[in-house]
Every structure is written in C-alpha cells, then in structure tokens.
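S.K.: Given next are the chains, with one letter for each unit.
Number of protein chains: 2
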Amino acid sequence: MDENKVLNPGHGIPDIVVGRLPHYLRALQHMALEGRRLTSSQELSERLGISAAQIRKDLSLFGEFGKQGTGYQIDFLLDQLRQILKVNQVWDIVLVGAGDIGSAIARYQGFENRGFRVTMIFDSNPAIIGNQVGAFIVQDSAGIVASIQSAQIRIAMLAVPAANAQEVSDQLVEAGIKAILNYAPISLNVPEDVHVQYIDPVIHLQRMTYYLD
Amino acid sequence: MDENKVLNPGHGIPDIVVGRLPHYLRALQHMALEGRRLTSSQELSERLGISAAQIRKDLSLFGEFGKQGTGYQIDFLLDQLRQILKVNQVWDIVLVGAGDIGSAIARYQGFENRGFRVTMIFDSNPAIIGNQVGAFIVQDSAGIVASIQSAQIRIAMLAVPAANAQEVSDQLVEAGIKAILNYAPISLNVPEDVHVQYIDPVIHLQRMTYYLD
Numbered sequence: 001m002d003e004n005k006v007l008n009p010g011h012g013i014p015d016i017v018v019g020r021l022p023h024y025l026r027a028l029q030h031m032a033l034e035g036r037r038l039t040s041s042q043e044l045s046e047r048l049g050i051s052a053a054q055i056r057k058d059l060s061l062f063g064e065f066g067k068q069g070t071g072y073q074i075d076f077l078l079d080q081l082r083q084i085l086k087v088n089q090v091w092d093i094v095l096v097g098a099g100d101i102g103s104a105i106a107r108y109q110g111f112e113n114r115g116f117r118v119t120m121i122f123d124s125n126p127a128i129i130g131n132q133v134g135a136f137i138v139q140d141s142a143g144i145v146a147s148i149q150s151a152q153i154r155i156a157m158l159a160v161p162a163a164n165a166q167e168v169s170d171q172l173v174e175a176g177i178k179a180i181l182n183y184a185p186i187s188l189n190v191p192e193d194v195h196v197q198y199i200d201p202v203i204h205l206q207r208m209t210y211y212l213d
Numbered sequence: 001m002d003e004n005k006v007l008n009p010g011h012g013i014p015d016i017v018v019g020r021l022p023h024y025l026r027a028l029q030h031m032a033l034e035g036r037r038l039t040s041s042q043e044l045s046e047r048l049g050i051s052a053a054q055i056r057k058d059l060s061l062f063g064e065f066g067k068q069g070t071g072y073q074i075d076f077l078l079d080q081l082r083q084i085l086k087v088n089q090v091w092d093i094v095l096v097g098a099g100d101i102g103s104a105i106a107r108y109q110g111f112e113n114r115g116f117r118v119t120m121i122f123d124s125n126p127a128i129i130g131n132q133v134g135a136f137i138v139q140d141s142a143g144i145v146a147s148i149q150s151a152q153i154r155i156a157m158l159a160v161p162a163a164n165a166q167e168v169s170d171q172l173v174e175a176g177i178k179a180i181l182n183y184a185p186i187s188l189n190v191p192e193d194v195h196v197q198y199i200d201p202v203i204h205l206q207r208m209t210y211y212l213d
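Chains E and S, in that order, are what the protein sequence lines are. The numbering of the first sequence is our numbering, which starts it at 1 and goes up by one. The numbering of the second sequence is our numbering, which starts it at 1 and goes up by one.
Any given hint could be a false lead.
Claimed, not checked - Chain E stretches covered by chain S per the calculated footprint, using a threshold of three residues with CB under 8 Å from any CB of chain S:
{"#": "1", "stretch": "82-89"}
{"#": "2", "stretch": "101-108"}
{"#": "3", "stretch": "173-183"}
{"#": "4", "stretch": "199-213"}
Said to hold, decoys possible - Between beta-carbon pairs, the in silico distance windows are:
{"#": "5", "chain 1": "S", "residue 1": "Pro14", "chain 2": "E", "residue 2": "Ala32", "range": "31 to 39 Å"}
{"#": "6", "chain 1": "E", "residue 1": "Asn164", "chain 2": "S", "residue 2": "Ser51", "range": "27 to 35 Å"}
{"#": "7", "chain 1": "E", "residue 1": "Ala53", "chain 2": "S", "residue 2": "Ala53", "range": "28 to 36 Å"}
{"#": "8", "chain 1": "S", "residue 1": "Asp79", "chain 2": "E", "residue 2": "Leu212", "range": "15 to 23 Å"}
{"#": "9", "chain 1": "S", "residue 1": "Ser51", "chain 2": "E", "residue 2": "Leu212", "range": "44 to 52 Å"}
Unchecked claim - Derived contacts from chain E toward chain S, CB cut-off under 8 Å, selection only:
{"#": "10", "residue": "Leu48"}
{"#": "11", "residue": "Arg114"}
{"#": "12", "residue": "Ile186"}
Hints in this document: simulated from the structure, not taken from any laboratory. Given the structure is predicted, the values throughout are model-derived calculations rather than measurements. Glycine included, C-beta positions come from ideal geometry on N, C-alpha and C.
Whole structure, please, built from the sequences with the hints as guidance.
M.R.: See below:
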C-alpha cells in the first residue's frame, strides 16, 4: 500500500505528505468556487482537521507559497498544487467492470475539473458487453490490452469481483498501466513501478468501529 | 481526517496503526477462505506491501499473537483482530442517498461477514422515495432523525451531492450517529466525538499521479 511507505526514494517527499496534498487541493477548489481569494493555514486546518503547523510544514517542502501575516493566495496555491500533483492536465482513465460500482463510476460527474476523465469501459460478461453505461458503450475485455496500448492510457480503475481482480490487474500491467485504483476488496500484486490505491468501504468502517464504545 | 491524527489520546494506539489493522484482517480472512491455518509476518508483508517488521510491531501493541519460528495461527489472530476492531458483532448502517453510488452500495455484497449490514436507505428526492433498491425501499429523508434514533444506529454512509452533505451530516449527528463514511467530495464539520472517513476516488488518483512521469 502506498500509504505505508515512509519515504518515496525517487522524490524525497514522505508519501504521507503527498497523501495530504489532494485534500489541500480539494479544499482550495471549494474556496475558489465560493469566490474567495486568500486563505490561511488556520482556515485550512479548520476545514480539514489537520493542524495548521502541519499544513505549513507540508507546503514548505515544495516552496514558499505563503507570506506571514497575509496567508496564501488561493489561485496561486491551486496552480502550484495542480502542478505538483500533475493534474494541470487531464488524465485518461480506463475503467474495468461495468457492474453496479463500475456503472456508478462511469456516470460520476466528480472527475471534471479535477484532472481525470474516464474514456473507456470494459467488462467480460457477454450480457453486459455492448450496453450503454453513462456516455460509454461497454467493450469486451478480450481487447483490453491492445486498446490501452493504442490509447497509451496510464491509469485504470478496477471494479471487478475480487476473484478476477489479480488476473485483470496482470493484463493492465502488461498493457502499460502505472496506476490502479482498485475497488475489489483484495490486495493486488504488481511490479514496483505500478502504484495501487484501494477503495474498500469496509476498511474505512472498521477503522472507525475501533473507536466506538 | 482521522488518518492524520498521530495519536488517539483515549486509546494510546497511533491511528496510523489502527488504519493498518483492517488490512491485516482482510488478508487473514482471504487466507482462512483458502483453508490456511498458519501464516507469518513475512507472508503478510508480501501480500500487503507493508514491511514484516512493521506488521510484527503493530500487532505486538495489542498482545503476543505469534510465536517465533511458528508464526501466527490465522483463526486466533482473526478472532483477536475482530475483537480489537469491534467487528465480532454486526453493526447496522444507515445509508443516505439512493443515486448511482448509494444504489451500488445498497446492492453491494461485500459487507457480509465483515461486521456490517445496511438496514435503511434514505433520499430526499420525491422521484426516488418509495423505489426499491436492492433489498430496500427508499425512505423519505424527512423521517431520518427519528428512524435512526429509534433503531439506535451509530454508523452512516453518506452518498449525497456535495452541496447537501453538511446539512445531512448535521442531521445524522443530531440523531446520534458517531461514525460517517462520506462519499461526497467535501470535508464535513462534525463534533470531536464523531468519526469521519472519506471515499473520494479523485483524492486517491491524485495521490498516484504525483508519482507518474
């Protein structure tokens, strides 16, 4: 799991810090939508539940973004964070699995303006192939490696049953995918240069029940 | 965000450790399903991409679960982790939002045997109220506080648009909810005794694009 690396040797920035940057970016985007121009580590702290000192320390690893007394210019900090996270471009995403979760992802409007767009969706179920899901026609997984290679896509979202996830992951890696967001509730084995993040609601729920009486 | 607290003062176990326990539990459940009886920190390490030393250290905070040379008994460690995470019981969940994501959650089979079951689903859209989604009839959000209180539910999953999320969250807190898994792409303000975890695919994707060339 990426979240457990302490340091990413190629970059020198702790992965735990990298993991907080998208939260800063999202909060700043909300502020910009509210028409705001300036913010402070204190305000970000209140919105995010991360200490103001931590926020200042995290951001200082990348440069001098704020001025003492005046805080951060929202537009400037947004630009900088988009560059750091490389979402000052739009990344194409291949989605595998057109069941309930895959279909919800295909119709999700929340990728817009945040650096991503789904461009293809695949499934291996003959009953689903050819169906329209959101703006997409579900394609046959048999052609997935060739399609990804020809479109040079680097990022995949995986919404297949746990029993198929490793096999599909192997195909994605073969096709040149370097980042996988995995919704299947199982850990994937991938080469070291492929990044995997996991979305499993039960993992998040169990992390909270620990604290309940 | 829970993930950024360094220590949880009421328990003394770092939250980052608590966050890894559900991953250990999930891996052990897969091994048990495979009919396995013994495992080692080394094998868990390979499955999870967490160092064996870290796994041993994490588990040692809760007791003596393994023996040097023989490793961990899977059934025993499963029992212990379920107790620690309090999923040796089944928690009822209220689901708010019966759109694409909420419907996918309502139909999700992956909660079974992992400590949770969805028992109610609410929406405020008159066109959706009364519909059947999975095994549930969508109820009118107007009755949400009374229903939660009467069923004494402590955990909610929030799958409403970002613009409504804070308002719904306030109702959930009023009703006695102590843990919220939020799918809306916005940070929630909640009292200190309410836990929030976030599922926002873009946050995970942006964390990976940082590392892509």
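S.K.: Can the hint on E/Ile186 be confirmed by a CB-to-CB distance to chain S that is less than 8 Å?
M.R.: 7 Å, holds
S.K.: E/Arg114 was flagged as interface toward chain S. Is the shortest Cβ-Cβ separation under 8 Å?
M.R.: Because about 5 Å separates E/Arg114 from the closest Cβ in chain S, which is inside the 8 Å limit, the hint holds.
S.K.: Any CB of chain S closer than 8 Å to the CB of E/Leu48?
M.R.: Holds: closest Cβ of chain S sits about 6 Å from E/Leu48, inside 8 Å.
S.K.: Looking only at beta-carbon atoms, does the pair S/Ser51, E/Leu212 fall within the given range of 44 to 52 Å?
M.R.: Given range 44 to 52 Å: violated, Cβ gap about 29 Å.
S.K.: Evaluate the given range 27 to 35 Å for the C-beta pair formed by E/Asn164 and S/Ser51.
M.R.: 29 Å, holds
S.K.: Tell me if chain S covers the stretch 173-183 of chain E under the three-residue, 8 Å CB rule, please?
M.R.: holds (count 3)
S.K.: Hint says 31 to 39 Å; check whether the CB-CB distance for S/Pro14 and E/Ala32 agrees.
M.R.: Hint holds: Cβ distance 34 Å, inside 31 to 39 Å.
S.K.: Given a hinted range of 28 to 36 Å, is it respected by the beta-carbon distance of E/Ala53 and S/Ala53?
M.R.: Holds - the Cβ-Cβ distance for E/Ala53 and S/Ala53, about 30 Å, lies within 28 to 36 Å.
S.K.: Mind taking a look at whether chain S covers the stretch 101-108 of chain E? Criterion is 3 or more residues with CB to CB distance under 8 Å.
M.R.: holds (count 6)
S.K.: Tell me if the beta carbons of S/Asp79 and E/Leu212 are separated by a distance inside 15 to 23 Å.
M.R.: 19 Å, holds
S.K.: Has the stretch 199-213 of chain E got at least three residues whose CB is nearer than 8 Å to a CB belonging to chain S?
M.R.: holds (count 14)
S.K.: Verify the coverage statement for the stretch 82-89 of chain E against chain S, using a C-beta to C-beta distance below 8 Å and requiring 3 or more qualifying residues.
M.R.: Three-residue rule met by the stretch 82-89 of chain E, so holds; n is 4.
This entry does not satisfy hint 9, going by the numbered hints stated previously; all others are met.
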